[in-house]
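Got chain V sorted already, so can you dock chain D with the ligand onto it with the hints?
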Amino acid sequence: MNAARLSSTAFDLTLWLYLGAMVLSFAYLAARRDLLWKVARVVAIAGASANLVSIVARGVAAQRVPWGNMFEYSTVLAFLVVVGTLVFVEGVAKIKTLTGFSLMFSVLTLAIAAMFFPVEPSPLQPALNSYWIKIHVVAAITGSSLFAIGGIATILFLIKDRSERRALSVLRDGTPPPIMGGAIEIDAPHDLLPDPEGSGTPAPDPARGGVLPSAAALDRVAYRVIAFAFPIWTFAVIAGAIWAQDAWGRYWGWDPKETWSFVTWTIFAGYLHARSTAGWKGRRAAVIAVVGFVSLLITYYAVNLWIVGLHSYKNG
Amino acid sequence: MTTRPGPTVRQSVALVWRTLRSMRTALILLLVLAVGSVIGSLLPQIPNSPERVGRYLDDHGVWGTFLFRAGFFDVYGSWWFALITTLLFVSLAACLFPRTRAMMRALRQRPVQARELDAFRHHAELRVDHGPDAVAADAARYLRRKRFRVSRQDDGVAAEKGVLREVGSLLFHWAFFLLLVGVIVGKGTGFTGRAVVTEGETWIDARANYDGEIRTGRYFGGAHTGLGIELLDFDDSYRRNGLPIDFVSRLRFRDREGSPLGVEEIRVNHPTSRDGVRIFQEGFGWAPVVTAALDGESMWSSPIEMTRDEAPDGVPATAMPWRGAIKLTAPEPDVMISLELWSDYRAFANLQLTGRPTPMLVQFDPLIRYSVYVGRIADPARSSIDTRGLRRVARGDLHAARSDGTDVPGVGELTLSFPELRQYSVLLISRDVGIPMVLAAAILVLVGLIPALYVSRRKVWVRAEAAPGGALVKIGGFALQRKDSFENEFDAIVRAVGARSSASQRTSERPGPDERVTTS
Ligand code: HEM
Numbered sequence: 001m002n003a004a005r006l007s008s009t010a011f012d013l014t015l016w017l018y019l020g021a022m023v024l025s026f027a028y029l030a031a032r033r034d035l036l037w038k039v040a041r042v043v044a045i046a047g048a049s050a051n052l053v054s055i056v057a058r059g060v061a062a063q064r065v066p067w068g069n070m071f072e073y074s075t076v077l078a079f080l081v082v083v084g085t086l087v088f089v090e091g092v093a094k095i096k097t098l099t100g101f102s103l104m105f106s107v108l109t110l111a112i113a114a115m116f117f118p119v120e121p122s123p124l125q126p127a128l129n130s131y132w133i134k135i136h137v138v139a140a141i142t143g144s145s146l147f148a149i150g151g152i153a154t155i156l157f158l159i160k161d162r163s164e165r166r167a168l169s170v171l172r173d174g175t176p177p178p179i180m181g182g183a184i185e186i187d188a189p190h191d192l193l194p195d196p197e198g199s200g201t202p203a204p205d206p207a208r209g210g211v212l213p214s215a216a217a218l219d220r221v222a223y224r225v226i227a228f229a230f231p232i233w234t235f236a237v238i239a240g241a242i243w244a245q246d247a248w249g250r251y252w253g254w255d256p257k258e259t260w261s262f263v264t265w266t267i268f269a270g271y272l273h274a275r276s277t278a279g280w281k282g283r284r285a286a287v288i289a290v291v292g293f294v295s296l297l298i299t300y301y302a303v304n305l306w307i308v309g310l311h312s313y314k315n316g
Numbered sequence: 001m002t003t004r005p006g007p008t009v010r011q012s013v014a015l016v017w018r019t020l021r022s023m024r025t026a027l028i029l030l031l032v033l034a035v036g037s038v039i040g041s042l043l044p045q046i047p048n049s050p051e052r053v054g055r056y057l058d059d060h061g062v063w064g065t066f067l068f069r070a071g072f073f074d075v076y077g078s079w080w081f082a083l084i085t086t087l088l089f090v091s092l093a094a095c096l097f098p099r100t101r102a103m104m105r106a107l108r109q110r111p112v113q114a115r116e117l118d119a120f121r122h123h124a125e126l127r128v129d130h131g132p133d134a135v136a137a138d139a140a141r142y143l144r145r146k147r148f149r150v151s152r153q154d155d156g157v158a159a160e161k162g163v164l165r166e167v168g169s170l171l172f173h174w175a176f177f178l179l180l181v182g183v184i185v186g187k188g189t190g191f192t193g194r195a196v197v198t199e200g201e202t203w204i205d206a207r208a209n210y211d212g213e214i215r216t217g218r219y220f221g222g223a224h225t226g227l228g229i230e231l232l233d234f235d236d237s238y239r240r241n242g243l244p245i246d247f248v249s250r251l252r253f254r255d256r257e258g259s260p261l262g263v264e265e266i267r268v269n270h271p272t273s274r275d276g277v278r279i280f281q282e283g284f285g286w287a288p289v290v291t292a293a294l295d296g297e298s299m300w301s302s303p304i305e306m307t308r309d310e311a312p313d314g315v316p317a318t319a320m321p322w323r324g325a326i327k328l329t330a331p332e333p334d335v336m337i338s339l340e341l342w343s344d345y346r347a348f349a350n351l352q353l354t355g356r357p358t359p360m361l362v363q364f365d366p367l368i369r370y371s372v373y374v375g376r377i378a379d380p381a382r383s384s385i386d387t388r389g390l391r392r393v394a395r396g397d398l399h400a401a402r403s404d405g406t407d408v409p410g411v412g413e414l415t416l417s418f419p420e421l422r423q424y425s426v427l428l429i430s431r432d433v434g435i436p437m438v439l440a441a442a443i444l445v446l447v448g449l450i451p452a453l454y455v456s457r458r459k460v461w462v463r464a465e466a467a468p469g470g471a472l473v474k475i476g477g478f479a480l481q482r483k484d485s486f487e488n489e490f491d492a493i494v495r496a497v498g499a500r501s502s503a504s505q506r507t508s509e510r511p512g513p514d515e516r517v518t519t520s
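One line per chain: the protein sequences are V and D, in this order.
Each residue of the first sequence is one higher than the last, beginning at 1 in our numbering.
Each residue of the second sequence is one higher than the last, beginning at 1 in our numbering.
Just chain D, with the same shape it has in the complex:
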């Protein structure tokens, strides 16, 4: 029994390479990438909106789980997206190597002479009354002046123009590799995270100080700068109609040792950079300073970075109160004080009186409404307000610059005060050393694209032979692009070649109408 021999390894490799080399493969891969991107824009994505992914999973059962496993909720970070991109770039490289080699060769070579000039799409024949040498010299001069690359051999002239098209096209295509390198290096060695800094406080760039998740590249060694960022002041300004004008953080930077480096303002769209990290204004919020004492012993006196309640439909976000909590685990049982802040008392009063929500755009007699809970705190995280396992024992109001006291049964006498209302600023901190490369690649893409699209390649040959009373001149040529405008250019060349002659006579026809129909 014999089996037919399968293709050898060499044959298979050659086949794969041939497939990758074809432009069709590259374009199909590009379109597949586009389809993948579309899917990513239609399904919620984990990096952008994890809550929506959770909801989708809850609603879609097995189907959702399947999509999840296949990476459809993180399309742009999925293995298959990376695979398609890799194949695309391999294919692109396979396309580009032979083209680049051919272009190098063409650039080094002088234009090659041709024989049968009347075989070209555009051709003409002239009778002139001067010698072939003068004709060839005239033709070469004219074509050079028209920026053709010209080579002359005896009485024959070969000229071509428009190599810039291929140069531009190759530049354009190769630039994507620079883009890829820029993206990989930048994302691979960089990170992005968020810093929450309250007015008057200093935040240090170190892993532990980031708020929530920090996204780091695979090759980011964890070397944070130790840069200190002190928020001197945050300012949010609004128009009368409640639309924001700007959000500005005034920052003082400090080096590792804590010495000040200078003060800078950052605002939306105007980030700054220090020690290789860029710092962006991203968000802000209220951070009331609240003190809590039990039986006269101070338990807490720090700003509390609050989060704003989500606004229901039709209610401006600025009308919603802010929430935070103080958690005291030293006493037995635990004490949690949940706080609800109204930065503008008038908005609170208005809501009580008329039921209408009012935007709070400025600080005006701020009010904190508090509730005191005792029991066992389930979630010790500073930002969570989880009342599971807790029992409310008291509530009250606290106005700025005043204090309020209440007896907490079994724990002691609680005194709260609200000395000042500060703001905090959320700063996006990121490091991406690939940005200059990506920008350079983008510029090269554009610079290459323009000649790749608009320059047309054309070739022209002129050949003169001695004839009785002068010379017989044959001119031939073609254009690979913009064939219709080449017709005029060709006519001008024919006229220029015969110009010196007092009695030049064109004896050939222009391309016939049936040929013209196919021009593009």
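The following block holds chain V by itself, in its conformation from the complex:
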């Protein structure tokens, strides 16, 4: 089998494995059987391996680094989001519940790539043939994958935070519990708090219930991942400027892609300030991070698809 065929077969396999791992991860969230989680993880790792094979084989087929067009960026992005979640969120932060959502993001990324930017492996056009752009792209995709994980964690944080607040208000004045976010679910392990009214009936701790980990834990992992991503993204922007200087004779030209990567950078800088300096933890900072995530998606997709610029290399 030649490398191009292998790459495309592995791509399809990746998509199915991620999809399967995603379903299993959500099943684990619903049923809380450890076995499901273990199987989901094995399938996710198999998917990531297939993803890696697809990337490497693509590089062999095109005889260059396998990140030269939107299709390839997407393949690498999907891989890094899954691996990043397994390593940082499951491994370091010990949160199992994010994985299903990251897999969903990767499945969508791959599906969009297959639908909108399929390209046969081919050499790069001369402007893209520089080692600075190779560095720039690696940094940009790595930063994007971490921002994406941070964005997913932040969205889940907002959902969970809302349900925790509702649950607290139930404890306080008896408003009915919400359904989404599952603050108080029957099958979840509950830590028991003394009833604030002191009536003797134990009340659940809103932070512990439901399918999602506590809002505080989600907030923390989101912050850490974004703080990790930020310097990488900064470096990506700088490497891009160094490349632009060589390729086009100016380091910054307010090309739409440059503009949007600056905008994304700015929003996450705002998030970091809100978090670490102004003590704006919680919802308000989270909203900034979600805006940053949206800006990242615009930088990644919209600029390549709809806004004309020197950077629009979707066809390689």
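These are calculated hints, taken from the structure and not from any lab test.
If you're wondering where the values come from, they're calculated on a predicted model, not measured in any experiment.
We put the beta carbon where it would ideally sit given N, CA and C, even for glycine.
Listed next, the in silico PhoX-like pairs over lysine-lysine satisfying Cα-Cα at most 25 Å (straight line):
(1) LYS146(D) - LYS474(D)
(2) LYS483(D) - LYS459(D)
(3) LYS38(V) - LYS96(V)
(4) LYS94(V) - LYS483(D)
(5) LYS146(D) - LYS483(D)
(6) LYS483(D) - LYS96(V)
Here are the simulated distance ranges between beta carbons:
(7) GLU120(V) - ALA394(D): 46 to 54 Å
(8) TRP63(D) - ASN2(V): 49 to 57 Å
(9) ALA3(V) - LEU243(D): 16 to 24 Å
Chain D with the ligand only, in chain V's frame:
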């Protein structure tokens, strides 16, 4: 009648300064700058695509005119973009001065002793069986080894770690000023323009020789280098499928006096620099040498730099013919010869036979199809092919290395020949002395950012008092960041302080769970 006194000038200045000093102002300005940038990415911009701006203006009437007046088609060069940037930097400076002063003070000062150690978030109490002096000495040694800054006063030890966070943060923030200076100096004293050089010809760096517009900074004195650039050879190579491999210009440089300085190749992504100007490979095209004679008298014999027709959707750009014109204003009436070049005859033939456009990647029996016009030339510019006021009187084909003649009524016998087909190269020439500064600033931004994000600040105090059979030791401390991992560090310190004692006993509790919920 009395009016209430307004705020004095001093009060107003103080208010403005206080506003600018707040980080919120800076962040709002930064976000406003981001919003402005977004607008610039959504509307066509004059520096990037003037034609699209023209089309937008045609389509949008009053609204377009309003946007135009407000600078929305040159957002990044508009007064309001500059104003926001200025305010942002003023605000940033206002933030940074007090922080820098405080940091300098903190760096000079030794860590300060504290009393009430059990008031800190982390605290512990130990009973040990050796004296307070030994305890303090042990604690100081251990903390020094752990790279804390330590100060000891009697039996009290004060230690802190992580000032690098603030140092890095300040470095990061101040670096933006270096960036700003680099940009202003570079753009202000520099220029960018385009040179079109044909194989075998020499182009001299002087204002008049630039092709089209040249963008100069306000403080660029017009001192062009006089550098000579001779294009020895241009080479474009393609793969079988028509994708380009590389574009290379081989250049010989000459100094002001015309003496050769050496030969260099530049290609896409590999510019060169000479005499403080950088030279980039930007574009290329065909420049056929065509001679024209009227009644045997030579009127024209130079290369003509042609431009390629815009390709319709679905047609590769390389399949399109190239166009140029020869304008003769000496005869009466004027004569214009418009030229259409097919660099690969097979592509032309194929189009005639099958109607299918074919990419022209190499030179192969090139063909020029010409039309002769007489009348009054409206636009004398070399590159324009404007037939207004002109009447076509003849047309014909001209193959390379051959000539062709035709009678132009009322003017004479026109003889054309096409001795050779050359290429021209478009070079981007720019001067920007700010680049090293901008690069240094970018490096400082990164170098400062890493400790600013990842170093955590923590403080620890140890105080020992003589007690029956040894000493009573109190240890207190807190971390400003990464509070959860400080817990282990603090425990290790407590253990180290009591380590010498055979019977050290911790008598205090760790922080309770309700405190831990708030850790971040
Ligand atoms: C003008 C007022 C500003 C003030 C008072 C300020 C203050 C600070 C402080 C105190 C930190 C360190 C936080 C920490 O040690 O935990 C910080 C970090 C940072 N600042 Fe600023 N800053 C200002 C403006 C800006 C601007 C305009 C930018 C963007 C261009 C920016 C980007 C950053 C970034 C990316 C960090 C690192 C993330 C962090 O630690 O929060 N700052 N800033």
